[in-house]
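**Q** Below, each chain spelled out in residue letters.
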Amino acid sequence: DTAVSQTPKYLVTQMGNDKSIKCEQNLGHDTMYWYKQDSKKFLKIMFSYNNKELIINETVPNRFSPKSPDKAHLNLHINSLELGDSAVYFCASSQDWQGGTDTQYFGPGTRLTVL
Amino acid sequence: DAKTTQPPSMDCAEGRAANLPCNHSTISGNEYVYWYRQIHSQGPQYIIHGLKNNETNEMASLIITEDRKSSTLILPHATLRDTAVYYCIVRPHPKAAGNKLTFGGGTRVLVKP
Chain A
1 DTAVSQTPKY LVTQMGNDKS IKCEQNLGHD TMYWYKQDSK KFLKIMFSYN
51 NKELIINETV PNRFSPKSPD KAHLNLHINS LELGDSAVYF CASSQDWQGG
101 TDTQYFGPGT RLTVL
Chain B
1 DAKTTQPPSM DCAEGRAANL PCNHSTISGN EYVYWYRQIH SQGPQYIIHG
51 LKNNETNEMA SLIITEDRKS STLILPHATL RDTAVYYCIV RPHPKAAGNK
101 LTFGGGTRVL VKP
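Sequence lines, in order, name chains A and B. Be aware that the first sequence starts at 1, since it is given in the numbering used here, and climbs by one per residue. Be aware that the second sequence starts at 1, since it is given in the numbering used here, and climbs by one per residue.
Bear in mind the hints are in silico, worked out from the structure with no lab data behind them. Hints are supplied without guarantee of correctness; some may be wrong.
Just some of the chain A residues that point at chain B, by a computed CB distance under 10 Å [unchecked claim]: (1) GLN6; (2) LYS22; (3) ILE45; (4) LYS52; (5) ILE56; (6) GLU58; (7) VAL60; (8) PHE64; (9) PRO66; (10) CYS91; (11) GLY107.
No residue lacks a Cβ here, since even glycine has one placed at the ideal position from N, Cα and C.
The following block holds chain B by itself, in its conformation from the complex (with noise of 0.2 Å):
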């Protein structure tokens, strides 16, 4: 599986957009690039994913670099809510590995008023 690394840790402000960048220089031309969440205490929750292209839904965005080595994905405004680990994954082709989700450490934001 491609190896994913995150800064385990980064603060940001109310209302302000939080980045957050995330290393994948062993991703394969068919593995996706896909972003959880897991705010304390709950089960995972899906933020966004991509291929090539960057990415925007109601949640997020997500630009990734032309060759595909890294990413970031870009919380708009961020809230009180959004304080959560954040996991990057590369998921494998599921004829490769069953749709194996393989999360790391992620980074820890904290979201401050």
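For reference, chain A alone in the conformation it holds in the complex (with noise of 0.2 Å):
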């Protein structure tokens, strides 16, 4: 069984499209999170959740939006897309993001491609 899974796994649209992304852990994690990784092969952390609370938010356009309905998912969803969102974007799960040495999981990636 996959532990962190998104869907989809590529994702091609226009710009100025809204999209979601979605992403499921059946780990019992509290704790999800995403990440970006642009065409230079960089990852950077967008947001964080505990338990349906946001804890990290970083440096992000508020046209990507969360949503997190239960601890085992965090969506996120996108608007008005624009071309420099083009990126794969992963997921994570962790067990408690206060611990000493929470270790993250990540999902498989999914490749959106904005036209």
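With the hints as a guide, bring both chains together as one complex.
**A** Dropping the structure here:
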């Protein structure tokens, strides 16, 4: 069974559209994250949620809105998509963000292409 | 966040040990050293972490110098499936930065037959 899953795996859309990426973890973890990997392959954190509460919100345009219906899910909604949003988006989860040795487990990624 | 420096790439022969260095001279006392790897088109995979002592698990060994300013990840018997980008990350204390992992450029390791 996949521990952290994301849907869709690939997403191709036009500029200006609104899209969502879904993430689910079956590890029983309390904390979930979204990372973005750009064309230069640098991975940067965007958000983290602990038990549906926002913990980290990096400098991300407010067109990006994470939504956590329960602690096993953290979805990423993106409004008014721009060309620069094209990237691979990774979801991750961890047991407890305050733990000294908390380890994050990543999903397979969603490749978003904005045309 | 403490910055890490890694060589951009290295080759390794299959079956031999791969030693991946990482410098983190500005690391603070309560910051852990984490290693992840990313195989092509996959999500990052946790390998190992440590604070002061050397660590070993089923995947690798982590050697941290006494002054903690550098570390080495050792893959004891590299296989072709170990070809990946390896990231050395200094993780700040969660209460300071919310368990944020900051990935640098990593080392691209190519295991050759």
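**Q** All hints are to be evaluated individually against the structure, with a verdict given for each.
**A** Hints, one by one, checked against the model:
Hint status for A:GLN6: holds, given a least beta-carbon distance of 9 Å to chain B, under 10 Å. A hinted interface residue such as A:LYS22 counts as satisfied when its beta carbon comes closer than 10 Å to some beta carbon of chain B; here the least separation is about 15 Å, so the hint is violated. Against a cut-off of 10 Å between C-beta atoms, the interface hint on A:ILE45 holds, since the closest Cβ of chain B lies about 5 Å away. Nearest Cβ of chain B to the Cβ of A:LYS52: about 15 Å, over the 10 Å cut. The hint is violated.
Given hint, A:ILE56 at the interface with chain B, holds; its Cβ is 4 Å from that chain's nearest Cβ, closer than 10 Å. Annotation: interface hint on A:GLU58 holds; nearest CB of chain B at approximately 8 Å, less than 10 Å. Interface hint at A:VAL60: violated, since its Cβ lies 13 Å from the closest Cβ of chain B, which is beyond the 10 Å cut-off. For the restraint placing A:PHE64 at the interface with chain B, the shortest Cβ-Cβ distance is roughly 17 Å, beyond the 10 Å limit, so the hint is violated.
For A:PRO66, the interface hint is violated, the least distance from its beta-carbon to any beta-carbon of chain B being 14 Å, above 10 Å. Because the closest C-beta pair between A:CYS91 and chain B is about 8 Å apart, less than 10 Å, the hint holds. This hint holds: A:GLY107 has a C-beta 5 Å from the nearest C-beta of chain B, less than the 10 Å allowed.
Checked against the numbered hints above, the structure violates hints 2, 4, 7, 8, 9; every other hint is satisfied.
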